[in-house]
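Asker: Sequence:
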Amino acid sequence: MPLDPLLTLEHRIAPPGGGAGASYTGPSEDLSRSGIVWWPAPPGRARIPTWRKATTLCHEGVPGHHLQIGTAVLQAGRLNRFQRLMGKVAGYTEGWALYAERLSRQLGLFSTDAELLGFLDAQLFRAARVILDIGMHLNLRIPAGAGFHDGQRWTPQLGREFLAGRTLTAANRVDEEIDRYLGWPGQAPAYKLGERMWIEAAEVAGASGGAAFDLKAFHAAALSAGPMGLDLLRERFSTPGAWTE
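Residue 336 in our numbering sits at position 203 of the sequence shown, with consecutive numbering throughout.
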């Protein structure tokens with residue numbers, strides 16, 4: 134599968150009024166526009182902590198969304214336009230991006246202790262927001278012994294305090310994140326469930342393939358198949374030999 138059209142990835146400052154986190158726009162169907170990573174530039178902030186950006190780049194760029202979404206765009210001969218351009222499934226799409234962060238660590242793409250800290254910071258953030266999403270929407274009590282308002286039920290106010298005090302989330306992003314979870318139930322857990330499914334699929338495929346297993350071929354096969362539900366991902370790519378088809 135030739136990936137030459139994906140070798141260009143643009144980086145632009147996000148226009149005012151957007152989110153506090155980075156985002157990605159896939160390439161156009163005719164590839165006249167490359168994929169774009171949009172970087173926020175909060176007003177009043179003179180310095181940007183670059184130690185966090187390596188993980189973000191691997192998530193939004195390569196081997197994350199740019200490789201994933203760009204690969205689907207190239208599959209005109211096997212996928213319909215909806216699958217190639219619009220068929221996003223949160224678990225599959227964002228699960229791959231988190232899997233790509235872990236893959237980047239395995240590949241040695243985080244070359245400094247600071248970049249590794251950025252990766253671990255991202256892991257902490259993703260774990261915290263799963264707790265908040267489930268806790269707030271199910272009106273759960275905080276378990277005894279948690280050391281954080283034990284026994285109280287999760288509220289947006291406690292969520293803000295938790296995110297601000299237990300992670301390294303910037304102050305300008307805390308409120309936005311809480312609003313995001315409240316308005317999009319299940320979106321935060323979908324990231325982690327998808328990541329788990331990608332990890333399991335690769336492990337099962339590797340175990341079944343033995344010495345002949347090719348992780349690169351597995352990735353190419355799974356991404357070329359386009360977005361799909363997690364059950365289908367498990368069924369299709371966790372079976373022996375599926376990644377070689």
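In case anyone wonders, no lab produced these hints; they're calculated from the structure.
On a predicted model such as this, the values are computed, not experimentally measured, just so you know.
Incorrect hints may appear among the rest.
Label pairs and their calculated CB-CB ranges [claimed, not checked]: (1) Asp312 / Asp347: 35 to 45 Å; (2) Pro175 / Ala247: 31 to 41 Å; (3) Gly151 / Arg214: 39 to 49 Å; (4) Val263 / Glu368: 37 to 47 Å; (5) Ser357 / Thr141: 28 to 38 Å; (6) Ile332 / Gly278: 21 to 31 Å; (7) Ser156 / Ala340: 31 to 41 Å; (8) Asp347 / Pro289: 45 to 55 Å; (9) Ala350 / Leu257: 30 to 40 Å; (10) Val337 / Ile181: 34 to 44 Å; (11) Glu143 / Pro289: 30 to 40 Å; (12) Ala209 / Leu257: 18 to 28 Å; (13) Glu294 / Ala340: 18 to 28 Å; (14) Glu336 / Val263: 39 to 49 Å.
Here are the simulated EDC-like pairs of lysine to aspartate or glutamate, each with C-alpha atoms no more than 16 Å apart in a straight line [claimed, not checked]: (15) Lys325 / Asp246; (16) Lys186 / Asp283; (17) Lys186 / Asp137; (18) Lys325 / Asp364; (19) Lys186 / Glu248.
Don't be surprised by glycine CBs; every beta carbon is placed ideally from N, CA and C.
Asker: Now tell me if each hint is right for this structure.
Answerer: Hint check results:
1. Asp312 / Asp347: 35 to 45 Å: Holds, at about 43 Å.
2. Pro175 / Ala247: 31 to 41 Å: violated, 20 Å
3. Gly151 / Arg214: 39 to 49 Å: violated, 27 Å
4. Val263 / Glu368: 37 to 47 Å: violated, 25 Å
5. Ser357 / Thr141: 28 to 38 Å: Because 20 Å falls outside the window, the suggested range is violated.
6. Ile332 / Gly278: 21 to 31 Å: Once the Cβ atoms are compared, 29 Å apart, the range 21 to 31 Å for glycine 278 and isoleucine 332 holds.
7. Ser156 / Ala340: 31 to 41 Å: Holds - the Cβ-Cβ distance for serine 156 and alanine 340, about 35 Å, lies within 31 to 41 Å.
8. Asp347 / Pro289: 45 to 55 Å: The hint (45 to 55 Å, Cβ to Cβ) holds, given that aspartate 347 and proline 289 are roughly 47 Å apart.
9. Ala350 / Leu257: 30 to 40 Å: holds, 33 Å
10. Val337 / Ile181: 34 to 44 Å: holds, 40 Å
11. Glu143 / Pro289: 30 to 40 Å: holds, 36 Å
12. Ala209 / Leu257: 18 to 28 Å: violated, 40 Å
13. Glu294 / Ala340: 18 to 28 Å: Violated - the Cβ-Cβ distance for glutamate 294 and alanine 340, about 43 Å, lies outside 18 to 28 Å.
14. Glu336 / Val263: 39 to 49 Å: At 21 Å between Cβs, range violated.
15. Lys325 / Asp246: violated, 24 Å
16. Lys186 / Asp283: Violated. Lysine 186 to aspartate 283 sits at ~34 Å, over the 16 Å cutoff.
17. Lys186 / Asp137: violated, 25 Å
18. Lys325 / Asp364: holds, 15 Å
19. Lys186 / Glu248: holds, 8 Å
Consistency note: the structure conflicts with the earlier hints numbered 2, 3, 4, 5, 12, 13, 14, 15, 16, 17.
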